[in-house]
Amino acid sequence: MKRFEYLRPKTLDEAIALLQHYGKKATLIAGGTDVIVMAKQKKVVPEVLISLQGIPGLDQIHSNGTLKLGPLVTHRAIEKSDVIQREYPALSDAVGWLGSIQIRNVATIGGNICTAAPSADTACPLLVLNAHLKIRGANSERTVPIDQFFIGPGQTTLSPGEILTEIEIPELLPNTGSAYWKHQRRLALDLPILGVAVLISLDKSTVTCSDLLCTTSPISAVLHRLEEDELLCKQIRIALGVAAPTPMRAKKAETLLRGKKISDELIEEVADTASKEAQPRDSIRGEAWYRRDMIKVLVKRMIMQSIERVVRPDENVFPERLW
Amino acid sequence: MDKQILTFTLNGEPVQLEIEPHLTLLQVLREELELPGTKEGCGMGECGACTVLLDGKTVNSCIFPALEVEGKSVMTIEGVADAKRGLHPIQKAFVEHGAVQCGFCTPGMVLSAKALLDENPKPTEEEIRNGIAGNLCRCTGYLQIIEAIKAVSNQL
Chain A
1 MKRFEYLRPK TLDEAIALLQ HYGKKATLIA GGTDVIVMAK QKKVVPEVLI
51 SLQGIPGLDQ IHSNGTLKLG PLVTHRAIEK SDVIQREYPA LSDAVGWLGS
101 IQIRNVATIG GNICTAAPSA DTACPLLVLN AHLKIRGANS ERTVPIDQFF
151 IGPGQTTLSP GEILTEIEIP ELLPNTGSAY WKHQRRLALD LPILGVAVLI
201 SLDKSTVTCS DLLCTTSPIS AVLHRLEEDE LLCKQIRIAL GVAAPTPMRA
251 KKAETLLRGK KISDELIEEV ADTASKEAQP RDSIRGEAWY RRDMIKVLVK
301 RMIMQSIERV VRPDENVFPE RLW
Chain B
1 MDKQILTFTL NGEPVQLEIE PHLTLLQVLR EELELPGTKE GCGMGECGAC
51 TVLLDGKTVN SCIFPALEVE GKSVMTIEGV ADAKRGLHPI QKAFVEHGAV
101 QCGFCTPGMV LSAKALLDEN PKPTEEEIRN GIAGNLCRCT GYLQIIEAIK
151 AVSNQL
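In the order they appear, the protein sequences are chains A and B.
Number 323 marks the last residue of the first sequence (my numbering); no jumps.
Number 156 marks the last residue of the second sequence (my numbering); no jumps.
Quick caveat, the hints were computed from the structure, so don't treat them as lab data.
Computed from a predicted model, the values in this text were never measured in an experiment.
Please note that a few of the clues may not be correct.
If you want a taste of the chain A side facing chain B, the calculated C-beta under 10 Å gives, among others [as the list claims (entries may be wrong)]:
#1 M1
#2 G32
#3 Q41
#4 I101
#5 Q102
#6 N105
#7 V106
#8 L189
#9 D211
#10 C214
#11 P218
Chain B residues, not near chain A, derived (Cβ > 12 Å throughout) [unchecked claim]:
#12 N11
#13 E13
#14 N60
#15 V80
#16 L156
Every residue gets a Cβ at the ideal spot worked out from N, C-alpha and C, and that includes glycine.
Modelling step: build the complete structure from the supplied sequences, incorporating the hints.
Listed below in structure tokens is the structure:
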């Protein structure tokens, strides 16, 4: 690894000024679990690293209706947060699978989305939670909805000299459940073959068949029973990772279900449409045809898991139940 | 490139040294402080052989900028045994249960086990497996390591 200077500004303004001063010679670093690895592999060759760790106040989690996450919140802090596990479980799911405990103790959510890998585990949950990103530059502050933030593999709309300062998740509708599945071979220290996140808001949370969820009945059987309850889907968001050059929302699929009653046929169509909307490629972790197949399966499963979290919020329905 | 002064607590003792700013914590421990107990396996934060405790939490020292431990407390494998009481119960259990073959993963594995049991003295088997999921072992197949950790937990 080539030598670099390591600077520790004490305020955001100081950090922005340093970024402007050094321009292309400098790289921002938070936890460093991506930056140092990239520096060792010569994918990035900074002369100067500008650390954000010396700036107080960037590692806070605030929750009162809206959820505000500082960019330096570690994935481990999110993993341990009861309120995130209860109200924003897709995000809780995602950080639980990320790397290893050693990585999660250091790696930050801001770093994860600013590195902007198509496989970034926190991207899909933040997409379905409709996160808004606060960004500060030398003379400006702006807010960007996360579905406009990623513009290519490893590329975001951050301009040189800009720093992500906060991730805000707007208030959720009542009766909202969410879930994220990281499709991977190992249970830790692996990158996803595919990531699928779903958020669903229903018009009510009581159904006659809630006990059916605790069995191994096939998804279509459960959905047929749910049709009797005439559950209305008030909001649906579906996000896919490693299915396109950037983490993406499957908006065409969402439109099919938004405002409609839940039914087996409709969910099947939603999953099928999401699979066709994706643009997966062949890679060493899996081929495009396989990813398309798995999108169909996993979107259905994550919709069911999200519904389960609305209907039975206090428990994991059936430990062995893999939707 | 000017060296910078780094001050931190290492295995309970204060330490101060001058280092080049690009060094990782692993390099400082092994090369500057000559504590070779912490191992480099992959150098990329993917195997856990370089695990140390930073303020009680496990981190991969091979990708950790050394200057970031300023003012903090680091524990390496060299700090686990006690001068008076001898080997730590975790180390004794590893030896008794055959959890050490080549020994290369062992320092990191012991520290992950320590962090797990310090936070959760009675883990389930699943919690033990999750607790060491960031530490690869190519020799044992993990069962002896899990048994060793269970044995310590039963003593606590």
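Tested hints:
Restraint check, M1 of chain A versus chain B: the minimum CB separation of about 7 Å is within 10 Å; hint holds. Satisfaction of the interface hint for G32 of chain A is found here, the shortest Cβ-Cβ separation to chain B being roughly 6 Å, below the 10 Å cut-off. The interface hint given for Q41 of chain A is met, as the beta carbon of that residue sits about 8 Å from the closest beta carbon of chain B, less than 10 Å. Interface hint status for I101 of chain A: upheld, as the beta-carbon distance to the closest one in chain B is roughly 5 Å, under 10 Å.
At its closest, the beta carbon of Q102 of chain A sits 5 Å from a beta carbon of chain B; the interface hint therefore holds under the 10 Å criterion. Because the closest C-beta pair between N105 of chain A and chain B is about 5 Å apart, less than 10 Å, the hint holds. Below 10 Å, beta-carbon pairs count as interface contacts, and V106 of chain A has one with chain B at about 5 Å; its hint therefore holds. A hinted interface residue such as L189 of chain A counts as satisfied when its beta carbon comes closer than 10 Å to some beta carbon of chain B; here the least separation is about 6 Å, so the hint holds.
A distance limit of 10 Å between C-beta atoms decides the matter here; for D211 of chain A the minimum to chain B is near 26 Å, and the interface restraint is violated. Among the interface hints, the one on C214 of chain A is violated; its C-beta lies about 20 Å from the nearest C-beta in chain B, farther than the 10 Å criterion. Interface hint status for P218 of chain A: violated, as the beta-carbon distance to the closest one in chain B is roughly 27 Å, over 10 Å. With a cut of 12 Å on Cβ distances, N11 of chain B stays outside the contact zone with chain A, its closest approach being about 19 Å.
Look at E13 of chain B: its CB is around 23 Å from the nearest CB on chain A, clear of 12 Å, so calling it non-interface holds up. Listed as a non-interface residue, N60 of chain B fails to keep its Cβ farther than 12 Å from every Cβ of chain A; the least gap is roughly 5 Å. Even its closest Cβ contact with chain A, about 17 Å, leaves V80 of chain B beyond 12 Å, as expected for a residue assigned away from the interface. Consistency note on L156 of chain B: stated as away from chain A, and its beta-carbon is indeed over 12 Å from all of that chain's, at 20 Å minimum.
Consistency note: the structure conflicts with the earlier hints numbered 9, 10, 11 and 14.
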